[in-house]
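Protein chains in written order, with my numbering: chain R, 1 to 433; chain X, 1001 to 1184.
Calculated directly from the structure, the hints in this document are not laboratory data. Keep in mind that a hint or two might mislead.
Stated by the list, open to error - Here chain X is said to cover these stretches of chain R; the calculated rule only asks that three of the stretch's residues, wherever they fall, bring their Cβ under 8 angstroms from a Cβ of chain X:
#: 1; segment: 235-246
#: 2; segment: 252-261
#: 3; segment: 279-290
#: 4; segment: 330-343
#: 5; segment: 365-376
What the hints assert, rightly or not - Derived EDC-like pairs (lysine to aspartate or glutamate); straight-line CA-CA distance at most 20 angstroms:
#: 6; chain 1: X; residue 1: K1132; chain 2: R; residue 2: D271
#: 7; chain 1: X; residue 1: K1089; chain 2: X; residue 2: D1013
#: 8; chain 1: X; residue 1: K1071; chain 2: R; residue 2: D29
#: 9; chain 1: X; residue 1: K1155; chain 2: R; residue 2: E375
#: 10; chain 1: X; residue 1: K1071; chain 2: R; residue 2: E72
#: 11; chain 1: R; residue 1: K231; chain 2: R; residue 2: E72
#: 12; chain 1: X; residue 1: K1072; chain 2: X; residue 2: E1090
#: 13; chain 1: X; residue 1: K1181; chain 2: X; residue 2: D1093
Claimed, not checked - What follows is a list of derived Cβ distance ranges for each label pair:
#: 14; chain 1: R; residue 1: F202; chain 2: X; residue 2: S1171; range: 56 to 62 angstroms
#: 15; chain 1: X; residue 1: E1133; chain 2: R; residue 2: I307; range: 20 to 26 angstroms
#: 16; chain 1: X; residue 1: A1018; chain 2: R; residue 2: V62; range: 42 to 48 angstroms
#: 17; chain 1: X; residue 1: A1018; chain 2: R; residue 2: K229; range: 47 to 53 angstroms
#: 18; chain 1: X; residue 1: Q1037; chain 2: R; residue 2: V280; range: 30 to 36 angstroms
#: 19; chain 1: X; residue 1: A1018; chain 2: R; residue 2: T174; range: 29 to 35 angstroms
#: 20; chain 1: X; residue 1: S1171; chain 2: R; residue 2: V133; range: 56 to 62 angstroms
#: 21; chain 1: R; residue 1: E375; chain 2: X; residue 2: D1173; range: 38 to 44 angstroms
Here a beta-carbon is modelled for each residue, glycine too, at the ideal position from N, C-alpha and C.
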Amino acid sequence: MSGHSTYNPTSGFGKWMDARLPIARLMHDSFVSYPVPRNLNAFYTFGGILMIMLISQIITGVVIAMHFTPNETMAFESVHLLRRDVSFGGTLQSWHAVGASMFFVAVYIHIFRGLYYGSYKAPREILWILGVVIFLLMMATAFMGYVLPWGQMSLWGAQVITNFFTAIPVVGQTVQEYLLGGYGVGNATLNRFFSLHYLLPFMIAGIVILHVWALHVTGQTNPTGVEVKSKQDVIPFTPYATVKDALALVVFMIIMCYFVFYMPDYLGHADNYIPANADVTPAHIVPEWYFLPFYAILRAIDFNIGIPFTEIVLIDSKLGGVLAMFGSIAILFLVPWLDTSSVRSANYRPTYKVFFWLFVVNSIFLGYLGSRPAEGIWLPLMKGSTFLYFAHFILVMPLLGFFEKPLPRPASITDAVLGKNGKETTSDPVAAE
Amino acid sequence: MSEHSDSDATRRDFLYIATGAAGAAAVGGIVWPLVSQMGPNAQEIAAGVPIEVNIGDIEEGRVITVTWRRKKYFIRHLTAAEVDAAKTKEQGDFRDFVTAADRITGPEGGEAVWSVYGANCTHLGCIPTEVKENGDTWRCACHGSRFDVIGRVTKGPAPVNLPQPPMVFASEDTLIIGTDKVGA
């Protein structure tokens, strides 16, 4: 899509600058004249929303870091001082905490959008992989951020998550001690998590630049999955996509503001308003909602995997749980090659569409299971739901490509748009929206 | 290629390898302190010396919790019934079987009625709470692991029994956790 640049500086300074550092040209080509398919729907606005969310998190984060003390005796107090005594501190802290949740709302919609419209298929594999890397960095950042207020959930969350590494055979214990900076979660842990929590968003920003670069090389997908074929298929990013993204952002922000101003603690956990206490584990440890599906997968593996009829254990229950949990994200890296169908959009894949929605429902159900205790009926349900999660990637995606009979696809984006409207041709892009 | 340039190439190869080796050593020298600073610092290590626990006051059937190296340990004074119950269990009840004799200990010349084990679940480190149901004594609220009275795992995702620390009885009433040699 990176074609001929249409940037044309008019002012003397603009021309002078363009001959030296053509940054205005880069911005113009990337966000003004950049052609996008004319049939993008609302689900395609979440990329822009995510970029704004990243910026919002960095700005509020930098500001509230000015009031935060990364010390085990003072961290909890400093957060509550920020909330109560700093001018607008409560709003800023809440914006940052609620912002993390909304960031994940947007990223999950963005990922499901990609899975539905086959956004990972050639030639967009690298684009997709960079997205998964961003997702992983987001999870690490969110986890370390949740540790900083140093409440009970902070401490015990850190305890549980860093214990994942003790599942590594032989060196696990040492690895954990080096991560924590001590024999257990303590001041050294809090300090380094603060340092890394500050660093990672900038690494995310770096990968986002690569993600957008890759996107602008291959061009966006669109609901038909048919590649752009002519100038008729596209409209310039500005004003069409910018206005659409802005509208979606406003709606998104209204929802976010409702939480920030009316229910700032709704998405958090009451136990995190109790200062960290290494002597008492909260009765019911649950991570933030956006980690719940993975938490359910972790807990589903409560059995050793060994050679049948012997006592030889190959993978014990703990390592198995950790592998399954990381595997549930790592498998996303392989999606471009697991899906064998040549049809991109689920709109023209009647069977995949059904399985896709089953996958969505199952993922939400996994999240619900993640919030339930690991006992009774919940355990077999966690196992079944975990199996379905992996089956979608390992069985459904590869096999459907061979068995599914796709529906006829339109010859071009323009055909699809005009056909859907059932009207005679007009090349006015506004009418096509 | 003349013979002359062949001998040049050999000399150059040597320089490449020598430069590469020096570069690798330099990178290693830079990475080493960056990684090393991550580990427990000298204060943390110093605070991790063995601890002495007075167990004379712990009545039969009671359990106390002590901390060594930021990890909790349960010191349990078993009743005769608990010792018997622990000894009659069979391998089938456990994932990671260790005979009761290995986990029930006592001072030299005293009764073997003590069981000492880590209080952080071997799954992901939460502290189990005492429940006393279905023959189990401990239940971890985090992920549902269960342990018997001497810390052997019976159910749930915990892969192994609650670990026993290095320990030694210095006298009838004194237990040292953190070393298995008296006077160390």
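Here is what the structure says about each hint:
Only when three residues or more bring their CB closer than 8 angstroms to a CB of chain X does the claim for the segment 235-246 of chain R stand; here the count is 0, and the claim is violated. Here the segment 252-261 of chain R counts 0 residues with a CB under 8 angstroms from a CB of chain X, which misses the bar of 3, and the coverage is violated. Interface restraint, the segment 279-290 of chain R with chain X: holds (7 residues with C-beta to C-beta distance below 8 angstroms; minimum three). Given a C-beta distance limit of less than 8 angstroms, the hint that chain X covers the segment 330-343 of chain R is violated, as 0 residues qualify and 3 are needed.
A count of 3 residues in the segment 365-376 of chain R with a Cβ less than 8 angstroms from any Cβ of chain X is obtained; the coverage claim is therefore met, three being the minimum. Distance restraint check for K1132/X and D271/R: the Cα-Cα separation of roughly 26 angstroms exceeds the 20 angstroms cut-off, and the hinted pair is therefore not satisfied. Among the hinted pairs, K1089/X with D1013/X is inconsistent with the structure: their alpha-carbon atoms are about 68 angstroms apart, more than 20 angstroms. Between the alpha carbons of K1071/X and D29/R the distance comes to roughly 57 angstroms, so the proposed pair goes past 20 angstroms and is violated.
Proposed proximity of K1155/X and E375/R is supported: the alpha carbons are some 10 angstroms apart, at most 20 angstroms. Our distance criterion of 20 angstroms between C-alpha atoms is met by K1071/X and E72/R, whose separation comes to about 17 angstroms. Under the criterion of a C-alpha separation no larger than 20 angstroms, the hint pairing K231/R with E72/R is inconsistent with the structure, at around 60 angstroms. For the suggested pair K1072/X and E1090/X, the alpha carbons sit about 28 angstroms apart, so the restraint of at most 20 angstroms is broken.
Distance restraint check for K1181/X and D1093/X: the Cα-Cα separation of roughly 33 angstroms exceeds the 20 angstroms cut-off, and the hinted pair is therefore not satisfied. In this structure the supplied range 56 to 62 angstroms holds for F202/R paired with S1171/X, their Cβ-Cβ distance being about 58 angstroms. In this structure, E1133/X and I307/R break the distance hint of 20 to 26 angstroms, their C-beta atoms being roughly 33 angstroms apart. Restraint check, A1018/X to V62/R: a C-beta distance of roughly 47 angstroms satisfies the suggested window 42 to 48 angstroms.
Checking the proposed 47 to 53 angstroms range against A1018/X and K229/R shows it is violated: the Cβ atoms sit about 58 angstroms from each other. At about 31 angstroms, the CB distance of Q1037/X to V280/R agrees with the hint of 30 to 36 angstroms. In this structure the supplied range 29 to 35 angstroms holds for A1018/X paired with T174/R, their Cβ-Cβ distance being about 34 angstroms. Under the hint 56 to 62 angstroms, the C-beta atoms of S1171/X and V133/R, about 58 angstroms apart, fit the expected range.
The supplied range of 38 to 44 angstroms is met by E375/R and D1173/X, whose beta-carbon atoms lie about 40 angstroms from each other.
Against the hints set out earlier in the document, violations occur for numbers 1, 2, 4, 6, 7, 8, 11, 12, 13, 15, 17.
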